[in-house]
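J.: Okay, here's what each chain looks like letter by letter:
Protein chains: 2
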Amino acid sequence: MLSKNKIKHISSLKIGKFRRIFNQFLLEGKKSVLDLLNSDFEIIEIFACDNWINDNCELLKKKNIEVQKVTEKELSRISTQKTPNEVLAIVKTPQDKLIPNDVFVGLCIVLDEIKNPGNLGTIIRTADWFGIENIICSENSVDVYNPKVVQATMGSITKVKVYYTQLIEFLSSKPKEIKIFGAVLEGENIYKTQLAENALILIGNESQGISKELLPLIDEKISIPEGVKNFPSNAESLNASIATAIICSEFQRKKITGKAN
Amino acid sequence: MLSKNKIKHISSLKIGKFRRIFNQFLLEGKKSVLDLLNSDFEIIEIFACDNWINDNCELLKKKNIEVQKVTEKELSRISTQKTPNEVLAIVKTPQDKLIPNDVFVGLCIVLDEIKNPGNLGTIIRTADWFGIENIICSENSVDVYNPKVVQATMGSITKVKVYYTQLIEFLSSKPKEIKIFGAVLEGENIYKTQLAENALILIGNESQGISKELLPLIDEKISIPEGVKNFPSNAESLNASIATAIICSEFQRKKITGKAN
Numbered sequence: 001m002l003s004k005n006k007i008k009h010i011s012s013l014k015i016g017k018f019r020r021i022f023n024q025f026l027l028e029g030k031k032s033v034l035d036l037l038n039s040d041f042e043i044i045e046i047f048a049c050d051n052w053i054n055d056n057c058e059l060l061k062k063k064n065i066e067v068q069k070v071t072e073k074e075l076s077r078i079s080t081q082k083t084p085n086e087v088l089a090i091v092k093t094p095q096d097k098l099i100p101n102d103v104f105v106g107l108c109i110v111l112d113e114i115k116n117p118g119n120l121g122t123i124i125r126t127a128d129w130f131g132i133e134n135i136i137c138s139e140n141s142v143d144v145y146n147p148k149v150v151q152a153t154m155g156s157i158t159k160v161k162v163y164y165t166q167l168i169e170f171l172s173s174k175p176k177e178i179k180i181f182g183a184v185l186e187g188e189n190i191y192k193t194q195l196a197e198n199a200l201i202l203i204g205n206e207s208q209g210i211s212k213e214l215l216p217l218i219d220e221k222i223s224i225p226e227g228v229k230n231f232p233s234n235a236e237s238l239n240a241s242i243a244t245a246i247i248c249s250e251f252q253r254k255k256i257t258g259k260a261n
Numbered sequence: 001m002l003s004k005n006k007i008k009h010i011s012s013l014k015i016g017k018f019r020r021i022f023n024q025f026l027l028e029g030k031k032s033v034l035d036l037l038n039s040d041f042e043i044i045e046i047f048a049c050d051n052w053i054n055d056n057c058e059l060l061k062k063k064n065i066e067v068q069k070v071t072e073k074e075l076s077r078i079s080t081q082k083t084p085n086e087v088l089a090i091v092k093t094p095q096d097k098l099i100p101n102d103v104f105v106g107l108c109i110v111l112d113e114i115k116n117p118g119n120l121g122t123i124i125r126t127a128d129w130f131g132i133e134n135i136i137c138s139e140n141s142v143d144v145y146n147p148k149v150v151q152a153t154m155g156s157i158t159k160v161k162v163y164y165t166q167l168i169e170f171l172s173s174k175p176k177e178i179k180i181f182g183a184v185l186e187g188e189n190i191y192k193t194q195l196a197e198n199a200l201i202l203i204g205n206e207s208q209g210i211s212k213e214l215l216p217l218i219d220e221k222i223s224i225p226e227g228v229k230n231f232p233s234n235a236e237s238l239n240a241s242i243a244t245a246i247i248c249s250e251f252q253r254k255k256i257t258g259k260a261n
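For the protein sequence lines, the chains are A and B, in the order given. First residue of the first sequence: 1, per my numbering; consecutive thereafter. First residue of the second sequence: 1, per my numbering; consecutive thereafter.
A hint or two may mislead.
Any copy will do: because identical chains look the same in the list, a pair fits if it lies in one copy or spans two.
To be verified - In silico DSSO-like cross-links for lysine-lysine, where the CA-CA straight-line distance does not exceed 27 angstroms:
id : residue 1 : residue 2
1  : Lys192    : Lys259
2  : Lys229    : Lys63
3  : Lys212    : Lys254
4  : Lys176    : Lys92
5  : Lys62     : Lys179
6  : Lys92     : Lys229
7  : Lys229    : Lys161
8  : Lys192    : Lys61
9  : Lys179    : Lys69
10 : Lys176    : Lys14
11 : Lys179    : Lys31
12 : Lys31     : Lys148
Just so you know, the hints here were simulated from the structure itself, not pulled from any lab data.
Same shape as in the complex, but just chain A:
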């Protein structure tokens, strides 16, 4: 049986302030918790239904992890999901420090004030797909340990490193040979732009785009061209996670095919 104090503690972790106080966050669902078990993340406690425990008893033994058995009713009481999925974990927030030189290898996504949790989570999942290991967020971006972000990553939160920092300082500190490609509405057609294997991809806020003070730091302004239309479009822009994914895909295409454009 779950104690009142335990329920209270778990509930508190749905709120950013308490996640920071306890240095803990919640992670849920069969796939994500399995990914967690196979990661270096420190698990504080797992709450799971009978069938999940049965399905994973060998792995749990091997990893020496204790699980608190809960009923489906108890799980739905502590879950952040509408339809809880067998298991919930309390996880220690990793305390990785940003070492700029480590992120200047390969591609790195830089997010300026992404506010929508679904967008950040989807960007993390997309980065994992494309083998991008690091994401740098401005300090006022949405918290990566917000349950909605964690959920949208679909397990990729334990693979991609997400750092928060002062972007002006960070972007100004990059070596000359690493270019900053900034997604703007009126930039060079990305299909025809020469991209790079090591680069920073800068994406702006959902409604405001890239902050004014960061614009001068961009080396190449890039855009995803609108389609030719029989009708005037109502789409003023693409969703931020969609734009990020198309840009990552285009970087990868040029790398794979070895074509300049």
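Once you have looked at the hints, place chain B on chain A.
T.: Just chain B, lined up with the frame of chain A:
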């Protein structure tokens, strides 16, 4: 002042069953309602705050549309949004009938059991950006007039036509020269596949992918390749709206640049 009956009617439209009974849906926010005013959609009623009415009084006069003034408090009572944005409209559901020959020109997105409202909304917005005028959904897909779908389209709902139909029948009826490109996990590398200007892009359900019975109808199975990785990925797939967008972008790139691959 809003009557109890009016509030009750608006609330009922948050539920699919009542949207179908009344043939009406809700549309909210400054940008979306402005797009609505400039569309052919039939407006039943608009509820707006003072400043929105002042900002749009000329357009409202020109269009001969009456607006019911509401306070911010009243708006938040009827709104489907956490932070309501000045205006809410009741709109007549369009009754367009699918005429297959009309959708076999240019690109058309076919969605097999997309369940997540945010995904469908984002796909509609992306389609609008790329000039794709038609989306065909399987009958068991999420309702396009679900407020979360409408919101995620960011106004594009009044531009892109969304139809629901039996997909086996529809896909079997297409002319031979129109190819069906199906997004699967183990298909041909999309960057290297020869695409087409007129085509159907088939996207499957978020967790199950394309239904078994539709797989034999696909002409070209395509995939977005994973990136080369220093670490094994946790991303088993891309989000459905992300995959759709990358595929649409690749169709457009090949069209714009005139390159076969």
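J.: Are the CA atoms of Lys31 and Lys148 at most 27 angstroms apart within a copy, between copies, both, or neither?
T.: So Lys31 and Lys148 pass the 27 angstroms test inside a copy (16 angstroms) and across (26 angstroms) alike.
J.: Between the shortest in-copy and the shortest cross-copy C-alpha distance, which are at most 27 angstroms for Lys212 and Lys254: within, between, both, or neither?
T.: Answer is neither; intra-copy 29 angstroms and inter-copy 33 angstroms both fail.
J.: Is it within, between, both, or neither for Lys92 and Lys229, if the alpha carbons may be no more than 27 angstroms apart?
T.: Result: close only across copies, 26 angstroms inter versus 50 angstroms intra.
J.: Regarding Lys179 and Lys69, is the shortest C-alpha distance of 27 angstroms or less found within a copy, between copies, in both, or in neither?
T.: Close neither inside one copy (51 angstroms) nor across copies (51 angstroms); limit 27 angstroms.
J.: Between copies, within a copy, both or neither: which fits Lys176 and Lys92 at Cα up to 27 angstroms?
T.: neither (36 angstroms within a copy, 56 angstroms between copies)
J.: Under a CA distance limit of 27 angstroms, which applies to Lys229 and Lys161: within one copy, between copies, both, or neither?
T.: So Lys229 and Lys161 pass the 27 angstroms test across copies only (14 angstroms; inside, 39 angstroms).
J.: At most 27 angstroms between C-alpha atoms: does Lys192 with Lys61 qualify within a copy, between copies, both, or neither?
T.: neither (54 angstroms within a copy, 46 angstroms between copies)
J.: Please work out whether the CA atoms of Lys192 and Lys259 approach to 27 angstroms or closer within one copy, between two copies, in both situations, or in neither?
T.: both (10 angstroms within a copy, 12 angstroms between copies)
J.: Within, between, both or neither: how does the pair Lys179, Lys31 come out at a Cα-Cα threshold of 27 angstroms?
T.: Neither: 36 angstroms inside a chain and 35 angstroms across chains, both beyond 27 angstroms.
J.: Which holds for Lys229 with Lys63 at a C-alpha limit of 27 angstroms: within a copy, between copies, both or neither?
T.: between (56 angstroms within a copy, 26 angstroms between copies)
J.: Is the C-alpha distance from Lys176 to Lys14 at most 27 angstroms within one copy, between copies, in both cases, or in neither?
T.: neither (41 angstroms within a copy, 53 angstroms between copies)
J.: Is it within a copy, between copies, both, or neither that the alpha carbon of Lys62 lies no farther than 27 angstroms from that of Lys179?
T.: Answer is neither: 45 angstroms inside a copy and 50 angstroms across each miss the 27 angstroms cutoff.
Hint check: violations occur at hints 3, 4, 5, 8, 9, 10 and 11; the rest are consistent with the structure.
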